[in-house]
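**Student:** The chain contents come next:
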Amino acid sequence: MYGYLPMGREERRRMLASVGVDLDKLFDMIPECDRCKVSEFEALPAEGMKELEVVERIQALADKNLNTVDYDCYLGAGYYDHYQPAAVKHLIGRSEFLTSYTPYQAEISQGTLQAYFEWQSYITRLTGLPVANAGLYDAASGAAEAVLLACRDKRRYKVFVSAGLHPESLETLQTYCHAADIEVVVGEIDENGQQTVYPDDSKEYACFMIQSPNYFGIVEDLDLLVEKAHGVDALAVVSSDPVSLAMLKRPGDAGVDIAIGEAQSLGIPTSYGGPGIGYMAVTNKLMRKMPGRICGQTVDRDGKTCYVLTIQAREQHIRRERATSNICTSQALMATAATIWLALQGGSGLLDVAEQSAAKAIYLQKKLTEKGHFRLVYDKPYFREFLIEAKEGVDLEKLNKDLLEENIIGGLIVDGSKLLIAVTEKKTKEQLDRYAEAMLRLCDAQGGK
Amino acid sequence: MSRYKDTPLIFELETCHEGSRYIRPLDVPKPDFAEWFGDAYREGKPNIPDVDEISVVRHFTNLSAKNYHVEVGTYPLGSCTMKYNPKVNEDMAALTGFAATHPMQPDETVQGNLELLYHLEKLLNDVTGMAAYTFQPAAGAHGELAGILLIRAYHEDRGDTKRDTIIVPDAAHGTNPATAAMAGYKVREIKSNEFGTVDLESLEAALGDDVAGLMLTNPNTLGLYDGNIEKITRMVHDCGGLCYYDGANLNAILMHARPGDMGFDCVHWNVHKTLSTPHGGGGPGAGPVGCNKLLEPYLPRPVVAKKDDMYYLDFDRPKSFGMIRSFVGTFGVLVRTYAYMLSNGAKGLYEVSEGAVANSTYLRERLKDYYNIPFDTPSMHEFVMTGEWQKKESGCNTLDIVKRLIDYGFHPPTVYFPLVVQEAIMIEPTETETWRDLDALADAFIKIAEEAKEDPELLKGAPRYTPIARPDETAAARDPILAG
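Just so you know, the protein sequences line up as chains A and B, in that order. For the first sequence, the numbering used here begins at 1 and goes up steadily by one. For the second sequence, the numbering used here begins at 1001 and goes up steadily by one.
These are computed hints drawn from the structure, not numbers from a lab. The model shown is predicted, which means the values in this text are computed figures rather than measured ones. Ideal Cβ placement from N, Cα and C applies to all residues, glycine included. Hints should not be assumed to be uniformly reliable.
What the simulated footprint calls covered on chain A by chain B, stretch by stretch (three residues with Cβ under 8 Å from a Cβ of chain B suffice, anywhere in the stretch; the number is not a length) [stated by the list, open to error]:
1. 28-41
2. 163-169
3. 285-296
4. 300-311
5. 360-373
6. 427-441
With the rest of the complex left out, here is chain A (with noise of 0.2 Å):
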């Protein structure tokens, strides 16, 4: 009997025997040609291993890694560190959250259907938007998934997005675009690493597209995308961090039609990149448009506050090739972990998460440039993330190989020659005088002018 197998062959033998079934004629079905002829693989060992080896065989992978825990670890670039609360892992541990699917049979489904309702609520009254759909795979295919609602909505197949989104979702959003025939015209940021120059020629737009905080850290100007947009009578698109929109004006304050964003950051961990969750909000007009799940409020038959799966006429299994989207499964589990992040943390959790990170961030910017050593690329106010570039003559890729010897992983590089890093509220003051006391000691070495 293999592995989580609950019947032997001899039982099932006998099981098929007694409706009259010959087990060694189960699959006859498969033509001779067709069966599978190979009897050793090049890596699929025949026999299964025991529990205690997978054990074994994977902790020994895990510990071929250097983890974040162990390290003092400075990288984001759209993936945040932030604390998750013990009962998180506990409450989407359950079997009844964790083992369930789509939410299909609402009578046996209610726990997660309120948890999406939920979900979708948060993220209004983040965004400020009035819809809010089940969740989508991440910020780059929602990105994506937001240029084509545009389009759709629109009826035009060109799109303006702004260099400062993060390069996957532009990338990401390239080849959503390129199979779907839509034109990217990708704008170039300014000296001060914003988004300030928009199309402003035609009418021929579906959307303009800006990320804030945007790749760089850098917090963009919502009422200046908005006036461009509406004013060329285009749609206005803002992939943001939820963390960041407990302190910033929010999309739907602004103006902006559709927000979208990857919501990792609510104490997800980043386990490598994934699963993480992305979100999209929209004005009500665009509603019956949007791609994913949609949970709503209703009644049952004696009259009971209920919710189910809604306005699924948008959704493939009805529509088929004209569907908004093609998405079934999503990322419903780490939904509802950044769900219960956010009822865990509350408003006040929140802030104080978004506050103490932009703190530590803005506290260890200064120690870093204070002296000359590194200078900040953009000076405009960022959120928990910023691009600092190293005096001329320092190696950033030793530098950053010399901190992994004092148990530090430092900031992405971008372009070569510069660093972004990115802090939480989860680094001390200890920590951060220790990385820059280490920066700054390690780009002296360098002897850089």
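Got chain A; can you put chain B on it based on the hints?
**Tutor:** Then chain B, alone, in the frame of chain A:
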């Protein structure tokens, strides 16, 4: 008293607290944020209530009690492969060495992650007869998109731009035509024959030099293996098209037959179905896509590669069609996948499929005298029966039948799908059910068939013991309330 507690929205549970309970007090100077952010600053606390921890824990625990799940009983949802998710896989994904790695870490600091993915790719190649994999797709439909974009990139690279159509069978999942449309293709639907498989004449008529490819799952959504599969893939190849294997039903054929040997050029996995990663109420899943040598250059970047003894992410892929999400993929889910592959090995996977087909066949044989089975050919991991006899005799339709099943403690099967069968009830028990579990499910279905004759109100009034019953879906869609 109902066994289910009322669960008002979390927003109604507001209590008071100051700042976060979970993080240490600020230990650096607090800047004047109004000055720092200027016009972009928003004063005050976000519009999110503060709730004490025990109220939050009770709220979500009480919510969870309203869910049916694999660990309370059989979940025979056709095409969804709701099998048991081994516990150890959860522990493996949660190891600090994996969970606390950042996607932007330099390759030399994440050799364990990269080795795991590199080895997993080889394992998946072996099982599907493919040459290479991408781990980027986040779920099945996303994998379908990656597969069709591979086909598109191949035709574009050859300058063959007249191909604007993808062929999809009428029994296919809705995601297939939706995917083809997202990839910029027209959809041409072909009919099923009287045995429920691909009608070769219909396929022949659909083929031409405008066809980019075919999307097919085998066995199909009726659980039927298409014995003409090699002929079908050859016909598509002969007209210059490529073949995409929808892996939704891979659980039926592991180590018995391989998509690569059937003639398919690319394939996706729903690891949250076939390879036992939990479904999480609608994700996260992962949809790795494999392809043959022909399509390998077009895979999304990065791919996992090895040089000397070092593993690395290879972004230098000039013919790649690009990325379809950020980073390398849903890594945490892939760790679970890897653990499952290791615990089974080739023989275990062979038995997984044997068990899946045996369990489904057994159920079908036990139910065939009580429910109409539209295709009288042997089926594989799932089968479709219908509520037509009951509808005719008693006026109870498929929905009534499966709602009554809830009263007996089971999750309903997939219903009204595939669209080519009226009153369809699509059952996939999976290999992780015991003989005893299967008998209990069969007994319940048989009892319901009797009840339909004797007391149809039992069915129409179902379900009875659930937190809610028969929600008004029309009202929900007409006047949507989507947030609280």
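**Student:** Now tell me, hint by hint, if it's right for this structure.
**Tutor:** For each hint, the structure was consulted:
1. 28-41: Per the Cβ count (11), the hint holds.
2. 163-169: holds (count 3)
3. 285-296: holds (count 5)
4. 300-311: Satisfied; 9 residues make the cut.
5. 360-373: Three-residue rule met by the segment 360-373 of chain A, so holds; n is 3.
6. 427-441: Three-residue rule met by the segment 427-441 of chain A, so holds; n is 3.
Violated hints for the displayed structure: none, as all numbered hints are satisfied.
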